[in-house]
Amino acid sequence: MTESPSNGSDTVDDNRRTTSHERSTAGIENRLETEGDPGFAGDPEYEVVTTPVLVIGAGAAGARVAIELAESGIDPLVIGKRDHGDAHTTWAAGGVNAALGSLDPEDDWTIHAADTFNEGHHLNDPDAVELTAREMPDRIRELEAWGMPFDRTEDGDVNQRYFGAQSYRRTCFVGDRTGEAMLGTLVDRARDLEVPYRENVMITRLLSDGRRVDGAVGFDMETGEGLLFRTNHVVLAAGGFSALYHRHSSRDDENNGDGQALALEAGARLVDLEFVQFHPTGMVGERYGEEWDGRLVTEAVRGEGGRLYNSEGERFMERYSPDQMELDARDVVARAIAQEVREGRGTEDGGVYLDISHRDDQYVRNRLPSMVERFESLGVDITEEPMVVGPTAHYTMGGVDIDFRTGETGVGGLYAVGETVAGVHGANRLGGNSLAETVAIGKLVGDHVAAAVTDGDDDPALTDGQRALAEREFEALRELAASDGTVTPTALLEDLGDLLWDHAGILRDDAGLREGLAKLDALRERTADLRVAGDRTSKSFEYAVDLSMSLTVAEAMLRAARERTESRGAHYRTDYPETADDWRVNLVVTADPAGLSFSRRGVGDPSPAVRAALEADHELDYHHLE
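So the sequence shown is numbered by the working numbering: it starts at 117 and just counts up by one.
Derived by calculation from the structure, the hints in this document are not laboratory data. One or more hints might be untrue.
Only pairs whose alpha carbons sit at most 20 angstroms apart, straight line, appear in this in silico SDA-like list of lysine to any residue [as the list claims (entries may be wrong)]: (1) Lys-635 / Ala-649; (2) Lys-655 / Leu-712; (3) Lys-655 / Arg-367; (4) Lys-655 / Ser-599; (5) Lys-635 / Leu-623; (6) Lys-655 / Gly-217; (7) Lys-635 / Thr-604; (8) Lys-655 / Glu-595; (9) Lys-635 / Glu-679; (10) Lys-635 / Asp-600; (11) Lys-655 / Glu-407; (12) Lys-635 / Asp-645; (13) Lys-655 / Arg-321; (14) Lys-635 / His-362; (15) Lys-635 / Val-603; (16) Lys-655 / Thr-643; (17) Lys-655 / His-362; (18) Lys-655 / Asp-645; (19) Lys-635 / Lys-655; (20) Lys-635 / Asp-611; (21) Lys-655 / Glu-610; (22) Lys-655 / Glu-338; (23) Lys-655 / Ser-437; (24) Lys-655 / His-200; (25) Lys-655 / Leu-596; (26) Lys-635 / Leu-712; (27) Lys-655 / Ala-607; (28) Lys-635 / Trp-617; (29) Lys-655 / Asn-316; (30) Lys-635 / Glu-595; (31) Lys-655 / Val-603; (32) Lys-655 / Leu-623; (33) Lys-655 / Asp-368; (34) Lys-635 / Ser-664; (35) Lys-655 / Asp-369; (36) Lys-635 / Thr-606; (37) Lys-655 / Thr-606; (38) Lys-635 / Asp-614; (39) Lys-655 / Trp-225.
Can you make the complete structure from the sequences, with help from the hints?
Listed below in structure tokens is the structure:
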């Protein structure tokens with residue numbers, strides 16, 4: 117066993133980051149043998165890392181928490197499954213919301229909050245919404261000060277664009293690379309503060325007795341070495357679970373539900389898992405190839421005037437939303453596309469056309485540079501011809517249940533933030549609010565955790581019970597790595613993706629959900645014949661670890677979708693097509709030895725200021741953009 121403090125891990129300065137090889141060999145001469153240690157997969161030792169705060173997830177939410185901790189004098193350790201700066205945040209292209217009023221001075225935070233409640237069909241946590249909307253103007257100014265290169269108006273203000281279902285131009289942007297620019301800015305700020313960071317680490321279990329979390333267990337994905345993180349404060353910032361679906365806008369190896377599964381197993385509650393957002397415009401079609409299937413075509417294309425047409429040349433949104441057209445809520449546009457395809461007015465590839473070629477060529481290239489580049493690489497000039505698009509699983513509104521003023525989960529020492537949690541978005545997310553939530557709530561959570569850290573948290577002791585729990589997990593991972601059956605983790609994950617797409621997709625009903633649960637049981641049985649190819653550094657082993665967590669979250673989502681017998685936001689039941697007043701509740705999921713259980717919880721009301729904005733009924737009139 118190796119003992120190492122957090123500051124022995126990948127501390128970053130402006131000029132240099134410790135290499136993976138150096139990280140894996142640092143401190144070898146100080147290794148301590150523990151008599152009787154079973155180790156990990158036959159290894160005689162594993163590494164123990166101590167830190168006052170462990171942040172699991174290195175996207176914008178985790179980075180913003182870490183920055184706040186560092187500015188408060190706390191040295192957290194941030195760990196990520198990928199290389200530093202390579203997180204799903206970079207895929208959030210179109211923009212980030214803040215009521216700055218750069219172009220529409222009548223906009224303010226209460227209208228931003230009202231739009232968020234309306235888009236979330238009033239299942240949102242009022243604290244979550246109002247804290248985000250109020251915080252965001254300051255968070256944008258903060259990002260500006262840290263060097264984020266926002267697009268500017270002629271007067272030099274941060275430019276803002278329309279996004280779907282928003283009353284005013286509120287979405288700040290950096291072309292169509294906003295998430296990439298934001299994460300780069302946050303990473304640079306963290307480096308300035310010398311925040312310790314360790315990359316290519318996967319967490320498989322939290323050290324928890326159901327009442328308190330005392331650390332985490334995982335492995336180094338490059339070396340296969342077992343890792344035991346001892347800490348009194350763990351922040352989950354690990355993303356969502358949209359990649360469980362076969363067509364999705366994430367990479368296959370992220371957004372697999374690990375944050376939600378880790379929290380549930382540790383004793384936390386999950387909320388609103390039935391709400392999965394299908395973005396209207398993912399890439400579809402043989403012309404683009406399998407690699408690009410489902411990849412996001414940013415909402416910024418429609419925000420800049422892109423139009424949707426069916427195979428008959430009709431601008432079909434006139435039938436479904438004559439006032440807001442292509443800029444109606446994402447669930448409305450996604451269902452409209454699905455309806456066009458189902459009624460035979462889709463393309464041969466099962467999509468529709470998205471066209472922005474009526475805009476000036478240079479305007480498109482300036483506002484949508486990455487879209488232009490991506491499609492040019494595939495032989496499509498979007499300044500001259502349309503793209504083929506269709507709905508894709510994109511974002512999960514459900515997740516860990518937290519107090520949004522603190523990030524607390526109800527399990528001592530465990531906090532959560534970002535897409536890992538539920539609350540801001542309710543039944544459907546307003547475009548541009550995901551990036552907003554990461555920095556607005558990330559700052560608040562970081563501030564609270566910093567205040568909770570005490571002097572004794574700098575070097576927390578490792579008890580025999582914690583060590584035993586960790587070593588049982590290492591033994592389970594060893595057995596998993598040795599699996600030599602006939603079915604691969606990739607095959608099972610692909611079958612899970614098809615199952616969810618077919619039975620818990622854009623349109624759902626009781627019979628389909630029941631069939632999906634039965635197929636899920638059968639899929640679980642097949643895991644007894646799992647075959648892991650390669651060692652603990654292989655993709656096969658990584659996907660095998662993902663599989664267990666994905667199955668847990670998939671079951672909770674299917675059961676929640678069957679439980680909610682109404683249609684609301686992103687959850688559409690063809691057998692219950694109306695929204696029911698008595699279903700204005702959150703579905704809460706808990707786990708115990710007997711399995712998953714569900715309960716209903718009432719939703720709070722907005723503040724008087726936000727209620728006034730809701731009553732004013734602000735709404736975008738799309739047609740003045742024409």
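Hint check results:
At most 20 angstroms may separate the alpha-carbon atoms for a hinted pair to count; Lys-635 and Ala-649 exceed this at roughly 25 angstroms. A hinted pair counts as satisfied when its Cα atoms are at most 20 angstroms apart, and Lys-655 with Leu-712 does not qualify at roughly 29 angstroms. This hinted pair checks out: Lys-655 and Arg-367 have alpha carbons roughly 13 angstroms apart, not beyond 20 angstroms. With a CA separation close to 14 angstroms, the supplied pair Lys-655 and Ser-599 stays within the 20 angstroms bound.
A hinted pair counts as satisfied when its Cα atoms are at most 20 angstroms apart, and Lys-635 with Leu-623 qualifies at roughly 18 angstroms. Using a Cα cut-off of 20 angstroms, the hinted pair Lys-655 and Gly-217 is violated, with the two alpha carbons roughly 47 angstroms apart. Distance restraint check for Lys-635 and Thr-604: the Cα-Cα separation of roughly 17 angstroms lies within the 20 angstroms cut-off, and the hinted pair is therefore satisfied. Among the hinted pairs, Lys-655 with Glu-595 is consistent with the structure: their alpha-carbon atoms are about 16 angstroms apart, no more than 20 angstroms.
Between Lys-635 and Glu-679 the alpha-carbon distance is near 18 angstroms, which keeps this suggested pair within the 20 angstroms criterion. About 23 angstroms separates the Cα atoms of Lys-635 and Asp-600, which puts this hinted pair outside 20 angstroms; it is violated. At roughly 17 angstroms between alpha-carbon atoms, Lys-655 and Glu-407 fall within 20 angstroms of each other, so this suggested pair holds. Of the pairs offered as hints, the one joining Lys-635 and Asp-645 holds, with about 16 angstroms between alpha carbons and a cut-off of 20 angstroms not exceeded.
With a C-alpha separation of about 19 angstroms, the suggested pair Lys-655 and Arg-321 falls inside the 20 angstroms cut-off, and the hint holds. The hinted pair formed by Lys-635 and His-362 meets the criterion: a straight-line CA distance of about 15 angstroms does not exceed 20 angstroms. For the hint pairing Lys-635 with Val-603, the CA-to-CA distance comes to about 16 angstroms; that is within 20 angstroms, so the pair holds. With a C-alpha separation of about 17 angstroms, the suggested pairing of Lys-655 with Thr-643 holds against the 20 angstroms cut-off.
For the proposed pair Lys-655 and His-362, the alpha carbon gap of about 18 angstroms is at most 20 angstroms, so the pair holds. Restraint check for Lys-655 and Asp-645: the C-alpha separation of about 18 angstroms stays at or below 20 angstroms, so the hint holds. At most 20 angstroms may separate the alpha-carbon atoms for a hinted pair to count; Lys-635 and Lys-655 exceed this at roughly 25 angstroms. Pair hint Lys-635 plus Asp-611 holds up; C-alpha atoms about 10 angstroms apart against a cutoff of 20 angstroms.
In summary, the hint linking Lys-655 to Glu-610 is supported, as the alpha carbons are separated by about 14 angstroms, within the 20 angstroms threshold. Our distance criterion of 20 angstroms between C-alpha atoms is met by Lys-655 and Glu-338, whose separation comes to about 11 angstroms. Straight-line distance between C-alpha atoms of Lys-655 and Ser-437 comes to about 44 angstroms, which puts the hinted pair past the 20 angstroms bound. Restraint check: the Cα-Cα separation between Lys-655 and His-200 comes to about 19 angstroms, which is no more than 20 angstroms; the hinted pair holds.
Taking the CA atoms of Lys-655 and Leu-596, the gap is about 13 angstroms. The hint holds against a cut of 20 angstroms. Only pairs whose Cα atoms come within 20 angstroms are accepted, and Lys-635 paired with Leu-712 is accepted, the gap being roughly 18 angstroms. The straight-line distance between the Cα atoms of Lys-655 and Ala-607 is roughly 13 angstroms, inside the 20 angstroms bound, and the hint therefore holds. For the proposed pair Lys-635 and Trp-617, the alpha carbon gap of about 13 angstroms is at most 20 angstroms, so the pair holds.
For the hint pairing Lys-655 with Asn-316, the CA-to-CA distance comes to about 12 angstroms; that is within 20 angstroms, so the pair holds. This hinted pair does not check out: Lys-635 and Glu-595 have alpha carbons roughly 26 angstroms apart, beyond 20 angstroms. A C-alpha spacing of about 15 angstroms is found between Lys-655 and Val-603, which places the hinted pair at or below 20 angstroms, so the restraint holds. At most 20 angstroms may separate the alpha-carbon atoms for a hinted pair to count; Lys-655 and Leu-623 exceed this at roughly 33 angstroms.
Pair hint Lys-655 plus Asp-368 holds up; C-alpha atoms about 11 angstroms apart against a cutoff of 20 angstroms. Distance hint between Lys-635 and Ser-664 is fulfilled; the C-alpha atoms sit about 16 angstroms from each other, no more than 20 angstroms. For the given pair, Lys-655 sits about 9 angstroms from Asp-369 by alpha-carbon distance, which is consistent with the 20 angstroms threshold. For the proposed pair Lys-635 and Thr-606, the alpha carbon gap of about 17 angstroms is at most 20 angstroms, so the pair holds.
Only pairs whose Cα atoms come within 20 angstroms are accepted, and Lys-655 paired with Thr-606 is accepted, the gap being roughly 9 angstroms. Annotation: proposed proximity of Lys-635 to Asp-614 holds, straight-line Cα distance about 11 angstroms (limit 20 angstroms). The hinted pair formed by Lys-655 and Trp-225 fails the criterion: a straight-line CA distance of about 44 angstroms is larger than 20 angstroms.
The structure shown violates the earlier hints numbered 1, 2, 6, 10, 19, 23, 30, 32, 39.
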